[in-house]
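K.L.:
Chains as they are written, first to last, in my numbering: chain A, 1 to 410; chain B, 1 to 410.
Bear in mind the hints are in silico, worked out from the structure with no lab data behind them. Hints are all accurate, no fakes.
As the list makes no split between identical chains, a pair holds if one copy fits it or if it spans any two.
Result set (PhoX-like, lysine-lysine): computed pairs, CA atoms no more than 25 Å apart in a straight line:
id, residue 1, residue 2
1, Lys8, Lys150
2, Lys125, Lys89
3, Lys92, Lys138
4, Lys109, Lys8
5, Lys52, Lys125
6, Lys109, Lys52
7, Lys109, Lys48
8, Lys302, Lys125
9, Lys89, Lys128
10, Lys16, Lys138
11, Lys125, Lys138
The structure displayed is predicted, hence computed values, not measured ones.
Protein chains: 2
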Amino acid sequence: MDINNMLKKYASLAVKKGVNLQKNQVLMINTPIECYDFARAIAEEAYKEGAKEVIVRYSDQVIQRLTLENASIETLSNMPEWFSESYNKYAKEGCCVISISASDPDAYKGVPAEKVSAYQQARSKALKEYYELSMSNKIRWTVISVPTEKWAKKVFKDVSTDEAVNKLWDQIFKVVRLYEEDPIKAWDKHNAKLHEKLKFLNDQKFKSLHYTNSKGTDLTIELPEGHIWGGGSEYCYNGLEFNANMPTEEVFTMPKRDAVNGTVVSSKPLIYGGNVIDKFKLTFKAGKVVDFTAEEGYDTLKKLLETDERASYLGEVALVPYASPISQSNIIFYNTLFDENASCHLAFGAAYPINIENGENMTKEELLSKGANDSIIHEDFMIGTEDLNITGINKDGEKIQIFLDGNWAI
Amino acid sequence: MDINNMLKKYASLAVKKGVNLQKNQVLMINTPIECYDFARAIAEEAYKEGAKEVIVRYSDQVIQRLTLENASIETLSNMPEWFSESYNKYAKEGCCVISISASDPDAYKGVPAEKVSAYQQARSKALKEYYELSMSNKIRWTVISVPTEKWAKKVFKDVSTDEAVNKLWDQIFKVVRLYEEDPIKAWDKHNAKLHEKLKFLNDQKFKSLHYTNSKGTDLTIELPEGHIWGGGSEYCYNGLEFNANMPTEEVFTMPKRDAVNGTVVSSKPLIYGGNVIDKFKLTFKAGKVVDFTAEEGYDTLKKLLETDERASYLGEVALVPYASPISQSNIIFYNTLFDENASCHLAFGAAYPINIENGENMTKEELLSKGANDSIIHEDFMIGTEDLNITGINKDGEKIQIFLDGNWAI
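Please take these sequences and the hints and turn them into a complete structure.
P.N.:
Quick look at the structure:
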């Protein structure tokens, strides 16, 4: 495998199919320092496509861990104005954003949860405008991954670091369809398939979904009137197509904030703020998590749910068949981008305005009144299993089997 | 050599002896991404010493070159407010700054000089407040180097990359006195020697210096009344000692802006904005460069001198004996931090306010009226040779030999 050539192809896919960069547009790249090769390849491709400017923001989890360990909660909570501006300015001016997701799953292991939480909270607040513009498709953005040594070793524990990195590259190239003769056409075909599912789900106008499996999940999620299922490529406010996640296998909508009831059991670990939360169970009443347990990362989960008033309510319902290629790899990636696309999932926190009719043009109050959730966080967690069943009650009161034994029944 | 252990010692030297970081102080680190190992080591040492927060700013010359090549002059000239703030805020609040100098001397070779110049100029303007606070010792700062592959290969062309990096490490460790049993004590001793020279020069109150050598240098530089020679460790406005350059071998003061006359010939290449300027000759009249030639980088030199109104006047006169350890290594480092400490040099652009009595408390207008130069640039260039003679006329009108055949005559 000629890695430089593959990197170039991958960068081109991110620029063209990911964010669909237009001539004279600014591109922002957010990346861990370890991934500078890929960031450089993206910048080169972007300029080739006529980018006005490429802004690269390097982050370093080792420095960040030192800061989390040593700085006071007060310092961690204090995000300077320039930091907000360094994101918000470009988003307001209509940039595209490529974020490279490649964190060390154990980066902040052992750091007191309240410090990580204070920092995450301050960061989310500082970047609220940027996140809102992303989540309402006012800007085109994509999340894409490359292996780092620590991440690869977490996924493939039993082989050498070099081999682990190569294996992770191989998995990534596979699921982002880079081995296909024409990756861009392969993405078009894949998107068309996802869009078919959307059409079915949107036509049914489900009032509620009921989840059950042998792990103990028994959860009813009502959907708000006017909800919209999304998935595959999306369209920016100005009609330009983009792929927010590469890979992506999910179709998703928003739940009715205060109408989720029952119990759900996690099926994969969730990495939050550099800490692992695993084997957890949540009980919902009128939309809110009223009880929970976790075999690993209980404190981190607690802090996550306490982030703000509505962090313990749901903002997303997503369907991914157990037969999806990422799921079939049987690999736990310890990275939401992959694990969420291997499994049905839900998300704590903010709903996507695009998941309700005309949501992009509603105020926050209007969205809340329609049943959408709002929070400074949006955190996916996995619940899909090979025996998950989902039935829906549609607009005519009919009971429809949507998932049977972990896969599409439609 | 246990490189990790050496890195730790080196980081400790930078934190303690370089910036003399105090408990609860913010440390800013500016570094090329290639040097992240050292940046992390510094951050760790800084937190050990009780830093309030360590802010690391990674830069990437490969991305920067792509931007210089592809972005318009208008885009390059447009520095956002957040960028200024991301430096100025911390400087105003009294941070320390460690800057890692390790650029690829050929990073921007072939990029049109007017693009590099537009960017450099905009950057200097955006950071004027930050630079002013540094140059007037309102904050404590240090410039220190670690090898990068490209830089090491430029210095040691004929060996493998690994060997070049090792050789450069060895040279650096030598000249920053890291091989000494107690590097901190070695620095104290070295500073004491430099301070002796300062005492002599300051007592003489020279009216002018006259430079001659066989290369064609015949230059007279008048010094303003009340000028002060500095060198070795300096003292921040609040009395705390720091070392702005590691290594440092120079003693320096400010010339009288409009009273430099004659011709001077360069003795080493000057790297400016990722381009090499070499073998150049400058003719001064009433302080200003009125004529110049350059065998390499003529356009870059021209742009440099045209940066602003006073970029073609001098702001610094520095004395370094030809016998200095860096000079004796006979290596051209292609890096100002080293090459300036191997050679007598001058600087285009701004003078240091600390080089005139009470300068730190003067307005820009007062400084100008005393004969100090002001510009958004400050660029050292080397003129020392083994046959350089310097004589001075002191306060009593006596002619004193200061340098004879490249070395101290006093």
